[in-house]
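Peer 1: What follows is each chain in one-letter form.
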Amino acid sequence: MTNLVAVVLFVGVVFYAVFGGADFGAGFWDLTAGGAEAGRRPRNLIDHSIGPVWEANHVWLIYCLVVLWTAFPRAFAAIMSTLYVPLGLAALGIVLRGSGFAFRKVSVRTAEQRVTGAAFAASSVITPFFFGTVAGAIASGRVPADGDGDPLRSWLNPTSALGGALAVVVCAYLAAVFLTAEARAQAVPDLEGWFRRRAMVAAGGAGVLSLGGIAILQVDAHRLFERLLGPAVPLVLISALTGGAALVLLRSAAPRLLRVLAVVAVGAVVTGWGVAQYPYLLGTHLRIGAAAAPVPTLVAVTAVFAAAVLLCVPSLGLLYFLQQRGQLESE
Amino acid sequence: MTSASLLSWADARAVLASDPAQLLPARQQMAFTLAFHIVLVPFGVAFTFIMMIANYQGVRRGDRDALLLAERWSRVAAVLFAVGAVSGTVLSFELGLLWPRLMGRFGAAYGIPFVVEGIFFFLEAIFVAIYIYGWKRLRPWPHFWTGLPVVLAGIGGTASVVAANGWMNLPGGITLRGGSVADVRPLAVFFNRAFWYESLHMLLAAYIVAGFLVAGVYAAGMLKGRRDRYHRLGFLIPFTVAAVVIAPQIFVGDVAAREVFKNEPAKFAAIEMLSTTGDHVPETLGGVLSPDGRVRYGLAIPSGASLLAGFSRSTRVQGLDAVPVEVRPQPRLVSIVHLSFDVMVGSAFLLLGLAAWFALGWWRRRDIPRSRWFLRCAALSGLVALVSLEAGWVVTEVGRQPWTVVGLLLTRDAVATSGNLWLFFSGTLVIYVTIGLGTVLVLRIMHRRWMARPDEEVEVPYGPERPAERAAPEVGAP
Chain A
1 MTNLVAVVLF VGVVFYAVFG GADFGAGFWD LTAGGAEAGR RPRNLIDHSI
51 GPVWEANHVW LIYCLVVLWT AFPRAFAAIM STLYVPLGLA ALGIVLRGSG
101 FAFRKVSVRT AEQRVTGAAF AASSVITPFF FGTVAGAIAS GRVPADGDGD
151 PLRSWLNPTS ALGGALAVVV CAYLAAVFLT AEARAQAVPD LEGWFRRRAM
201 VAAGGAGVLS LGGIAILQVD AHRLFERLLG PAVPLVLISA LTGGAALVLL
251 RSAAPRLLRV LAVVAVGAVV TGWGVAQYPY LLGTHLRIGA AAAPVPTLVA
301 VTAVFAAAVL LCVPSLGLLY FLQQRGQLES E
Chain B
332 MTSASLLSWA DARAVLASDP AQLLPARQQM AFTLAFHIVL VPFGVAFTFI
382 MMIANYQGVR RGDRDALLLA ERWSRVAAVL FAVGAVSGTV LSFELGLLWP
432 RLMGRFGAAY GIPFVVEGIF FFLEAIFVAI YIYGWKRLRP WPHFWTGLPV
482 VLAGIGGTAS VVAANGWMNL PGGITLRGGS VADVRPLAVF FNRAFWYESL
532 HMLLAAYIVA GFLVAGVYAA GMLKGRRDRY HRLGFLIPFT VAAVVIAPQI
582 FVGDVAAREV FKNEPAKFAA IEMLSTTGDH VPETLGGVLS PDGRVRYGLA
632 IPSGASLLAG FSRSTRVQGL DAVPVEVRPQ PRLVSIVHLS FDVMVGSAFL
682 LLGLAAWFAL GWWRRRDIPR SRWFLRCAAL SGLVALVSLE AGWVVTEVGR
732 QPWTVVGLLL TRDAVATSGN LWLFFSGTLV IYVTIGLGTV LVLRIMHRRW
782 MARPDEEVEV PYGPERPAER AAPEVGAP
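Here the protein sequences come in this chain order: A and B. Taken in order, the first sequence gives residues 1 to 331; the numbers are from our numbering. Taken in order, the second sequence gives residues 332 to 809; the numbers are from our numbering.
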């Protein structure tokens, strides 16, 4: 039962990393798109592609929080009371980002768009960075089981730095692939090239970081290192293969295939983290079973999850379907 | 006032003096972010329903004004939904960042309603997006129906979140062993004893606030001389919704107050500002509780509270003296709860009066009352409704103090124990003020743009497609 609920929780983590991540990454390219004139068209494509879906994608974060605090309250309290600095900053980043995006959509003047857009784009980079440091802190066992861990060193350490940097780069990679696909679907060749080049750069960055990360993990988070190269190694390989395939096929493949490849690449590596960490929720000191809520609560969470699968998955499918068919447009 | 009870008030204050340093900023921040978020809640919960009425009128009767209203409202909603979604997310974080010991100890029970809320939030976010972005390309009726899940999800989401709040007031469905939750009965947690009246009360409040606030915008426009059909409709649809709901809301509120009398005697004593248990308890309007436990100022209606609580002058009402000293709320908090209750009820009756004024005018002349004073009052009615909503939340939240989970967890034991929360609170204040101002600014920009182009044939939703769609079957018809 506890393992099942741990899977339910991790499904949320993977989906948030993939779909929320792609939206964050779009903000990264928005931030680096240059001046108002040069960046107008890429920014329009970004607006167009994340506008209708980002709120639904954002709900995965709420999902993770509520499942974590209900099913594993002890772990939730421990994480929150230790990593309050990066989590507090991430929460404020989320506010700035969502509001900035919504404000920019309805602003007309360049000056207004510049301010709101900068708020959106900058917080789109900061927020995944802090989430990455949180993941690094949890993975390297720096959150004590009873919480109140070191408020600074818990997330200012090599594994957290790796997590933060990797989160930003992976989001950027995902978004660049998605936007390349979107530009192809809309038949805008120059924008397609613009995002394709960026996808290449981001993929290169992710590759270099991952290789460097191996060395960091070996020193700083040895168990994670061993497990990633042990039971989780198939997932790591799948990630590398699909990620590479997406790059090779970036020029030719159908947009849908590209998206799937990128999603699998990122989903696999995040799942790899989960597999590597199993059976612990925190480091090597809090097992999933020890952190779990009483069984009826776990049953309730699973039942709600089943209801969510029945209700939300078809709805999400409808949203993405309409979005891909170009049925959702604002102005 | 005896010296013994004087001493006990002093004791209560002495106990509070030993609070952790994080308590004050944590409470301030929670109160501030909740008060901010709750302004956006009515738009997420009830605005879509108002939009759907206009949308229905537009599609069904080919009413272009109604369609234009619905479409513009959905643009406003898009901004408010976004700000509401992210400010709601902050609340989720705060539950852990500010109150880790609440979540750590009771997450297994208290968390369940939030998991349920997750589904509704998901559905809401999905269909809001489809509805808002679907004006141009979706066909009119399918598009209209994509609004329905938003309305239903709004009801479900409100019920879930308020279920969690109800559980804090009247916790049930758990078995404690050694201070931690050993067993949970999820249905009893969700459908706790405060669930029905609290959630219904909040749901109706959302419709009232959204209705009066939106109507107020068009009332202000009419005062400036814009008395066209577009403005009349923009006023009538939301105002009617709010006016229809206000009377049942006062009834639900009355029932809720009696449930509080039965189930939450300490909160009821604070609402009535009652120091000593007794019968023939007066209903005090206004006034404060002074530090010595005496009621100052205020207008006392003899036996009023006893009559309202139990329909009889001899109804015995428990006073604050029945609350153990160490968990007795300070007189200052009692005054806040009492005055908030008065503000909530008073403003609700003002709104009821306004609704009656409107009903009278409609009954006699089938029109909005002619008096400019009516429009002036209507223009302000949204703010009054908002004040009522905020005051109601103060009653239920501050009225629960010093408890976070009544009888089980004191607020000072729930709070985070490390970190300088003032810094976090300052950052939050700066960002929220910026975003609050930004929202107002952005809505004004949209307003000005629409006023500058009052007659937009092109922008009417379903515009380009519809004649063609309509034409097709007509051509084929004999």
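It should be emphasised that the hints constitute simulated quantities derived from the structure, not laboratory data. Beta carbons: idealized from backbone N, C-alpha and C, even for Gly. Treat the hints with caution; some may be incorrect.
As the list claims (entries may be wrong) - Some chain B residues judged to face chain A by a derived CB distance under 7 Å, without partners named:
| hint | residue |
| --- | --- |
| 1 | Arg468 |
| 2 | Pro471 |
| 3 | Pro473 |
| 4 | Pro517 |
| 5 | Leu768 |
What the hints assert, rightly or not - Output of the computed footprint for chain B on chain A, the stretches with three or more beta carbons under 8 Å from beta carbons of chain B:
| hint | region |
| --- | --- |
| 6 | 46-58 |
| 7 | 145-154 |
| 8 | 226-238 |
| 9 | 258-264 |
| 10 | 306-320 |
Peer 1: It remains to establish, for every hint, whether it holds in the given structure.
Peer 2: Checked hints:
no., hint, verdict
1, Arg468, "holds, 4 Å"
2, Pro471, "violated, 14 Å"
3, Pro473, "violated, 10 Å"
4, Pro517, "holds, 4 Å"
5, Leu768, "violated, 11 Å"
6, 46-58, "holds (count 6)"
7, 145-154, "holds (count 3)"
8, 226-238, "violated (count 0)"
9, 258-264, "violated (count 0)"
10, 306-320, "holds (count 8)"
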